[in-house]
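Engineer: My request is simple: use the sequences and hints to build the entire structure.
Residue 717 in the numbering used here is what sits at position 138 of the sequence shown, and the numbering runs on without skipping anything.
Hint data in this document are derived by calculation from the structure and do not stem from the laboratory. Wrong hints could be hidden among the right ones.
No more than 25 Å apart at the CA atoms, straight line, and that leaves these computed lysine-lysine pairs for BS3-like [claimed, not checked]:
#, residue 1, residue 2
1, Lys587, Lys741
2, Lys718, Lys679
3, Lys587, Lys702
4, Lys755, Lys587
5, Lys725, Lys741
6, Lys725, Lys755
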Amino acid sequence: MGDSEFIKRCAEKEIYAYGTAYIFESRSRSLRFGLRILSFLSLAVPVSVGGIAMAAANAKLLPVIVTISGLLSIPLFVITLWSLVFRWEERLAASENACKANSELKNGWEDLARYKGADAEEKFSALLERDRVQEEIDKKQDVTAKEKRRMMRASLIQYRRKCATCGVQPISMSVKGSSCATCGDF
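Structural biologist: Below you can see the structure in the form of structure tokens.
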């Protein structure tokens with residue numbers, strides 16, 4: 580098999596590893612933001628209500644302040660319960676690990692494409708096995724079809740490639756006017 584075919588196989592794997600890392604980086608960013616907001620509100624609501632109650636020091640206002648605190652706490656408790664049931668913290672840790680692993684795979688494929696040693700096929704097989712193991716781990720993370728299309732678009736932009744389905748080379752993540760089932764419609 581020629582060098583160009585070997586480079587092409589490595590590049591294809593690199594593109595997918597990049598896109599997968601992109602998905603999990605985006606997911607991590609979103610989960611991290613949600614958890615920070617939740618942490619802030621979990622402290623801000625009771626502390627601010629307590630501060631107001633202490634500052635007012637009016638026995639007649641205390642029932643009103645407690646009622647307001649209760650009303651503000653209900654949505655906070657619901658969101659906290661939602662984050663626990665949907666395992667936001669676990670998903671964040673898994674997404675960060677997947678992002679790191681796929682970034683390492685992307686770099687491995689990129690380096691291997693330039694490698695000229697006689698054992699290149701052996702190195703390819705070893706990296707391919709790592710890639711397959713990570714792919715199985717990633718499959719357990721419930722990647723949606725929408726995220727896969729976003730992944731493909733990000734990869735096509737990064738590597739300046741045309742989509743195999745619609746033939747368009749995207750230049751931005753905006754999908755206005757694109758209903759492509761591979762790189763748009765998200």
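Engineer: For each hint, tell me whether it holds in the structure or not.
Structural biologist: Against the structure, the hints:
1. Lys587 to Lys741: holds (15 Å)
2. Lys718 to Lys679: holds (16 Å)
3. Lys587 to Lys702: holds (15 Å)
4. Lys755 to Lys587: violated (31 Å)
5. Lys725 to Lys741: Cα-Cα ~19 Å, so holds.
6. Lys725 to Lys755: holds (15 Å)
When the structure is compared with the earlier hints, a violation turns up for hint 4 alone.
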